[in-house]
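Chains as they are written, first to last, in our numbering: chain C, 1 to 315; chain R, 1001 to 1291; chain A, 2001 to 2261.
Calculated directly from the structure, the hints in this document are not laboratory data.
Computed from a predicted model, the values in this text were never measured in an experiment.
Each hint should be verified, as a subset may be incorrect.
Said to hold, decoys possible - What follows is a list of derived Cβ distance ranges for each label pair:
| no. | chain 1 | residue 1 | chain 2 | residue 2 | range |
| --- | --- | --- | --- | --- | --- |
| 1 | R | Pro1184 | C | Val18 | 52 to 58 Å |
| 2 | R | Ile1180 | A | Arg2126 | 55 to 61 Å |
| 3 | A | Lys2080 | R | Asp1117 | 55 to 61 Å |
| 4 | A | Glu2100 | C | Val174 | 24 to 30 Å |
| 5 | C | Glu274 | A | Glu2100 | 51 to 57 Å |
| 6 | A | Leu2125 | R | Ile1180 | 53 to 59 Å |
| 7 | C | Leu272 | A | Asp2155 | 46 to 52 Å |
| 8 | R | Arg1278 | A | Ser2019 | 38 to 44 Å |
| 9 | C | His79 | A | Gly2078 | 47 to 53 Å |
| 10 | A | Thr2021 | C | His79 | 57 to 63 Å |
The beta-carbon is built from N, C-alpha and C at its ideal position, and this holds for glycine as well.
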Amino acid sequence: MRLRWGKNNIAFMVLFLVVVAIGIWIENQYYLQVMTFIGINTLLALGLNMLMGYAGQISLGHAAFYGLGAYTSAILSVHYNVCPWLALLGAVLTVSLIAFVIGMPTLKLSGYYLGMGTLGFGMVVHVLFREWSTLTGGASGFVGIPPLELGPISFLSIRNYFYLVWFILLASMVICRRLIDSRIGRALRSIHDSEHAARAVGVDTENLKLMIFVFSAAMSAVAGFLYAHFVSFISPGSFGFLASIRMVTMVVIGGMASIWGALLGASLLTLLPEWLHAFADYEMVVYGAVLMLVMILLPQGLTRGLMDIYERSRK
Amino acid sequence: MQEFLQYLFSGITNGAIYAVIAVGFSMLYSSTELINFAHGEFVMLGALTLVTLWSGLHLPLVLAFIVTVGIVSFVGFVFERVAVRTVKKPDHIVLVIITVGASIFLRGIGMLLWGKDAYSLPGFSDHQPLDIGGATLLPQSIWIMAIVGAMVLGLYYFFNRTLTGKAMRACAISKRAAWITGIPAGKMVLLAFMMSTGMGGVAGVMIAPITMSSYDMGTILGLKGFCAAMLGGIGSLWGAVIGGFLLGISEAMGVGLISSSLKDAIAFVLLLAVLYVRPGGIVNAGDVQRF
Amino acid sequence: MSDRENNPELSFLRIDNVSKTFGGVQAAQDISFKVSRENIVGLIGPNGAGKTTLFNLITGVYTPDNGKIFFGQAEIQGRKISTLVKMGIARTFQNVELFENMTVVENVMVGQHVRTMCGFWGAVLRLPGMLREEKQSRIDALDLLEFVGLENVADRRSSELPFGWQRLLEIARAMASKPKMLLLDEPAAGLNAVETAHLAELLVKIRALGITLLLVEHDMSLTMEISDRIVVLDQGRLLAHGTPREVQQDEAVMTAYLGKA
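Hey, can you work out the whole structure from these sequences and the hints?
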């Protein structure tokens, strides 16, 4: 365990340096923008990974929390003129509360039923985004979300926003790492491996599942905040069933129970549509095929799957 | 009163379609414990294939119907062999995501084959709409009810009176016991898939004349059909039927009496209610999946 | 009833007229017996006798339909499992249920869950108290592994262990919660003669630590050898309760069970 801690610290340092370097050297605004989106998506994948990968609970409606974070921040900063950073706090608290209330009955369901419950919740929230026009702007969306600034630093430029997103992401990755390597992390993983046995040794599985559910929702809310103030316009379409599936895909393809898997999955899934732009018509077919293939052949996800292949070829 | 009747008719019509979709879900779940999130896409395939065969190629209706269902079942066959049989680690999350991936894949195929256009079809027969108590009942609605009725009775007979049907139920209850008595579980699973997707095709065929069919119609239909199956009691034939009609009528009443914008939410609110209050659904289907 | 029998301290665990029915099948019928502290009690009986049901009733997996279960002074039927673990009841499973994706030492550390405190904020902020607790946890876990003889495989994935060692790991994990009573469900199942002998030694060592043991077992020689008392069940009813010698000579037991073996 001590050795792994050291390795991870180094990895985080390397990532930090890479991010700084990219920010300094890359001039192309489009590339920076794409990488900012990768950062935001990684934050989404990371939160969901903690829930699905470590605690072993599936959620097919997580985009609801993403959207709730985005809309709450937008509504607070535009309708109520709240400083965006306070709006972030408001968004996180609101979403955490909602996740707590929803999580309590839902997490008592198991296996498929949990997936269904989260699916239902996600769909209901999506309809609310679409129909509660006075609050959310309805199907035509919400405009005018203010850019961020912190004292003298303005995050209007893509480069600065890129830094903001990635530093928040790095901090989140460190937090997740600490959580995983702790008593809580072990308890979570035990629930994933055998909820039955975890309960038998005294782990309060209900509370823990709820805790991690709220945590992952809060992370999605932060991602929502970052997204909203980056693009300044949000609409319900970005937070529907497909968005939830995209989140699940990122986690699953990258590799569940792996922080770096979240990064890999998010990167692939952000870049794939960009690469497929030329074949826009084939996007869905490729997307679906990739999803199926990875699950059939490498159910552990790409990080572990590729590592397994590598290790096997060495023997 | 007239309005109420109108809502009722539209609710029953939609309910019948949800029932067929729900039956497809439940049947597969009861035979394999798998929820096929791609089920809705088979409905889409059924609808659009009928459009091509009947409206495009001008095949006679009955032939087009049969060929459509055959094609959709065949896709189901391929799906089972390629995507389900070959899975290395068949646990819940993996299977769910495979079916989700299949759903996206099939939708992509639908878009490639039929584009983004919406297609409409005439009703199965040329009869005039009926006037009952001031409300209009489309002849297509009667066709739908008749087909659903025939299908449900057929399934009931199949599962309770034929050897194959009973064998499939046996597999659902215990694969091991079935294997010991010589029932080929693998073939049963394949048959279950083909029947389930075939039913999805039938639903698509029925729905094509009363709605605009397009490549993306499957998702929401599938989800609602699934809600209906849960509402009635997943794994139960009668549960699926009851759930379907209940959902259809609830939606129609909701649209009529409350607001049309929240129509889509009704299915999911009912789903959540079922999950939290009575996961076994209306017929209280327990862990014993019976069909 | 004499004063001695009523003294709760002496009846460390008391089962009082406990019954449990599952859909028409009476798995446990009016079972009553007492267990004294620092005893090894063997629970035997033919298949379907209700041993595992009784186990599950004591460990909080099921709630009895009738009757009470006393642990020391407290009534424990119907309580949450995590509460029972905190009170000092631990168990192992018939089919070993380890945390397969975790290492051997991590499995034991999960066992310490109720005796440790680090929560969400402690982990995230890396509070010094939490770091100390984490360090001590690992030391304690390694000590337990040494006690059962697995210290050399501490960092191996638990699923990689041979079956006999997995059983030992489960015992170490159960002991990590510092239980007063340990319930073992067929701990010798699947073990060869050498492993069974090692297990017997281990169980006696555990009793010497002051832990009371209740074990369900089919291995007669093991059970008779190490148990202080034996409880015999048959078809959900208590058939006999006494020392191994007494039980072996009990008529009802001989006809129902041992006589046939």
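Evaluation of the provided hints:
Between R:Pro1184 and C:Val18 the beta carbon distance is about 55 Å. The supplied range of 52 to 58 Å therefore holds. For the hinted restraint 55 to 61 Å between R:Ile1180 and A:Arg2126, the CB-CB distance of approximately 56 Å keeps it satisfied. Checked against the hint of 55 to 61 Å, the pair A:Lys2080 and R:Asp1117 passes, with Cβ atoms roughly 59 Å apart. The hint said 24 to 30 Å for the Cβ distance between A:Glu2100 and C:Val174, and at roughly 28 Å that hint holds.
Roughly 39 Å separates the CB atoms of C:Glu274 and A:Glu2100, a value that falls outside the hinted 51 to 57 Å. At about 57 Å, the CB distance of A:Leu2125 to R:Ile1180 agrees with the hint of 53 to 59 Å. Between C:Leu272 and A:Asp2155 the CB atoms are about 38 Å apart, so this pair departs from the stated range of 46 to 52 Å. Evaluation of the 38 to 44 Å hint for R:Arg1278 and A:Ser2019 yields a failure: the beta carbon distance comes to about 28 Å.
A beta carbon spacing of about 50 Å between C:His79 and A:Gly2078 agrees with the range 47 to 53 Å that was offered as a hint. Separation of A:Thr2021 from C:His79 is about 60 Å and conforms to the stated range, judged on CB atoms against 57 to 63 Å.
In the structure shown, a violation is registered for the earlier hints numbered 5, 7 and 8, in ascending order.
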